[in-house]
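Colleague: Chains B and R, in that order, are what the protein sequence lines are.
When we follow this note's numbering, the leftmost residue of the first sequence carries the number 1, and every step to the right adds one.
When we follow this note's numbering, the leftmost residue of the second sequence carries the number 1001, and every step to the right adds one.
Since the hints were derived computationally from the structure, they do not count as laboratory data.
Any given hint could be a false lead.
DMTMM-like, lysine to aspartate or glutamate: derived pairs with alpha carbons at most 20 Å apart [as the list claims (entries may be wrong)]:
(1) R:Lys1083 with R:Glu1015
(2) B:Lys96 with R:Asp1030
(3) B:Lys49 with B:Glu16
(4) B:Lys49 with B:Glu20
(5) B:Lys101 with B:Asp85
(6) R:Lys1070 with R:Asp1030
(7) B:Lys101 with R:Glu1015
(8) B:Lys109 with R:Glu1015
(9) R:Lys1009 with R:Asp1059
(10) B:Lys58 with R:Glu1015
(11) B:Lys78 with B:Glu20
(12) R:Lys1070 with R:Asp1059
(13) R:Lys1009 with R:Glu1024
(14) R:Lys1083 with R:Glu1062
(15) B:Lys96 with B:Glu66
(16) R:Lys1057 with R:Glu1069
(17) B:Lys101 with R:Glu1062
(18) B:Lys101 with R:Asp1054
Computed spacing ranges between beta-carbons, pair by pair [to be verified]:
(19) R:Gln1056 with B:Lys58: 32 to 42 Å
(20) R:Arg1110 with B:Thr55: 33 to 43 Å
(21) B:Gln42 with R:Lys1070: 21 to 31 Å
(22) B:Ser80 with R:Thr1079: 42 to 52 Å
(23) B:Pro12 with R:Gln1017: 23 to 33 Å
(24) R:Lys1014 with B:Pro79: 45 to 55 Å
(25) R:Ala1081 with B:Ser28: 40 to 50 Å
(26) B:Ser28 with R:Lys1014: 18 to 28 Å
(27) B:Glu20 with R:Gln1017: 29 to 39 Å
(28) R:Ala1081 with B:Leu56: 23 to 33 Å
(29) B:Ala1 with R:Thr1079: 21 to 31 Å
(30) B:Ala1 with R:Pro1039: 21 to 31 Å
All of these numbers come straight from a predicted model, not from anything done at the bench.
Using N, Cα and C, we set each Cβ at its ideal position, and we do this for glycine too.
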Amino acid sequence: AQSVTQLDSQVPVFEEAPVELRCNYSSSVSVYLFWYVQYPNQGLQLLLKYLSGSTLVKGINGFEAEFNKSQTSFHLRKPSVHISDTAEYFCAVSRKGGYQKVTFGIGTKLQVIP
Amino acid sequence: DGGITQSPKYLFRKEGQNVTLSCEQNLNHDAMYWYRQDPGQGLRLIYYSQIVNDFQKGDIAEGYSVSREKKESFPLTVTSAQKNPTAFYLCASKAGDSGANVLTFGAGSRLTVL
């Protein structure tokens, strides 16, 4: 079985400050890792994904994440946030290979303060 | 533009009534999914379908039913047996040849049972 833990349910941050949203996963096999973003009353949009290779993954809107196998983490970072980054962010994991179930974390609400 | 269309966006129903949520995709994706989203609980998988005329229960299938008669369509029925149906419902799809398990989401349907 696989699981995802998002350590912070809400993260307030001032505009133009850096932010890190934490995600830890649990799995006995190799995994794919994802970050999705959800704006109010909308569906989820893929922000970035880690499949293999370089552990530093760059995504849309200036976000990046680093896969750390030894710490089973996949934290999301942005060096300078904007008001438009206010949204809920979901970390997700699936086992590698064909169809595999995607398991989501409970989400982290990022609130950017002007 | 290709994508997933969910309808209706908002739906109000009385207790004891069955309701059907529509999900249509024009991405030519083989697999389709239904998730339920509740505040603070992330996304939970209700049902999924990898091919036409075949579907499997997810983690919280009780009180729900689905059909997959066409590749493009995967409607979800919330039956009167679902004890707490008020939630935000998200439909997603994935290309069959994608080993990365990247999901494309619709904009969601918010069901409120009065």
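Colleague: The structure should be examined with respect to each hint, and the outcome stated for every one.
Modeller: Status of each hint after checking the structure:
At most 20 Å may separate the alpha-carbon atoms for a hinted pair to count; Lys1083 of chain R and Glu1015 of chain R meet this at roughly 9 Å. Distance hint between Lys96 of chain B and Asp1030 of chain R is fulfilled; the C-alpha atoms sit about 18 Å from each other, no more than 20 Å. Proximity of Lys49 of chain B to Glu16 of chain B is assessed by CA-CA distance (about 24 Å); at most 20 Å being required, the pair is judged violated. Of the pairs offered as hints, the one joining Lys49 of chain B and Glu20 of chain B holds, with about 16 Å between alpha carbons and a cut-off of 20 Å not exceeded.
For the hint pairing Lys101 of chain B with Asp85 of chain B, the CA-to-CA distance comes to about 28 Å; that exceeds 20 Å, so the pair is violated. For the proposed pair Lys1070 of chain R and Asp1030 of chain R, the alpha carbon gap of about 10 Å is at most 20 Å, so the pair holds. Between Lys101 of chain B and Glu1015 of chain R, the direct Cα distance comes to roughly 32 Å. Violation of the 20 Å bound is thereby established for this hinted pair. Only pairs whose Cα atoms come within 20 Å are accepted, and Lys109 of chain B paired with Glu1015 of chain R is rejected, the gap being roughly 31 Å.
A distance of roughly 24 Å separates the Cα atoms of Lys1009 of chain R and Asp1059 of chain R; the hinted pair therefore is violated under the 20 Å criterion. Taking the CA atoms of Lys58 of chain B and Glu1015 of chain R, the gap is near 46 Å; set against the 20 Å cutoff, the hint is violated. Proximity of Lys78 of chain B to Glu20 of chain B is assessed by CA-CA distance (about 7 Å); at most 20 Å being required, the pair is judged to hold. The suggested pairing of Lys1070 of chain R with Asp1059 of chain R is violated, with an alpha-carbon distance near 24 Å, which exceeds 20 Å.
Proposed proximity of Lys1009 of chain R and Glu1024 of chain R is supported: the alpha carbons are some 13 Å apart, at most 20 Å. Proximity of Lys1083 of chain R to Glu1062 of chain R is assessed by CA-CA distance (about 9 Å); at most 20 Å being required, the pair is judged to hold. This hinted pair checks out: Lys96 of chain B and Glu66 of chain B have alpha carbons roughly 18 Å apart, not beyond 20 Å. A hinted pair counts as satisfied when its Cα atoms are at most 20 Å apart, and Lys1057 of chain R with Glu1069 of chain R qualifies at roughly 17 Å.
Proposed proximity of Lys101 of chain B and Glu1062 of chain R is supported: the alpha carbons are some 18 Å apart, at most 20 Å. In summary, the hint linking Lys101 of chain B to Asp1054 of chain R is supported, as the alpha carbons are separated by about 16 Å, within the 20 Å threshold. At about 35 Å, the beta-carbon gap between Gln1056 of chain R and Lys58 of chain B stays in the expected band of 32 to 42 Å. Separated by about 38 Å at the C-beta atoms, Arg1110 of chain R and Thr55 of chain B satisfy the suggested range of 33 to 43 Å.
Gln42 of chain B and Lys1070 of chain R have their C-beta atoms about 26 Å apart, which keeps the hinted 21 to 31 Å range intact. Between Ser80 of chain B and Thr1079 of chain R the CB atoms are about 48 Å apart, so this pair conforms to the stated range of 42 to 52 Å. Checked against the hint of 23 to 33 Å, the pair Pro12 of chain B and Gln1017 of chain R fails, with Cβ atoms roughly 40 Å apart. A C-beta distance of roughly 50 Å is found between Lys1014 of chain R and Pro79 of chain B, which places it inside the suggested range of 45 to 55 Å.
A beta carbon spacing of about 35 Å between Ala1081 of chain R and Ser28 of chain B contradicts the range 40 to 50 Å that was offered as a hint. The hint said 18 to 28 Å for the Cβ distance between Ser28 of chain B and Lys1014 of chain R, and at roughly 46 Å that hint is violated. Distance hint check for Glu20 of chain B and Gln1017 of chain R: the Cβ-Cβ separation is about 45 Å, which falls outside the suggested range of 29 to 39 Å. Separation of Ala1081 of chain R from Leu56 of chain B is about 47 Å and departs from the stated range, judged on CB atoms against 23 to 33 Å.
Under the hint 21 to 31 Å, the C-beta atoms of Ala1 of chain B and Thr1079 of chain R, about 28 Å apart, fit the expected range. Our hint of 21 to 31 Å for Ala1 of chain B and Pro1039 of chain R holds, since their Cβ atoms are close to 24 Å apart.
In the structure shown, a violation is registered for the earlier hints numbered 3, 5, 7, 8, 9, 10, 12, 23, 25, 26, 27, 28, in ascending order.
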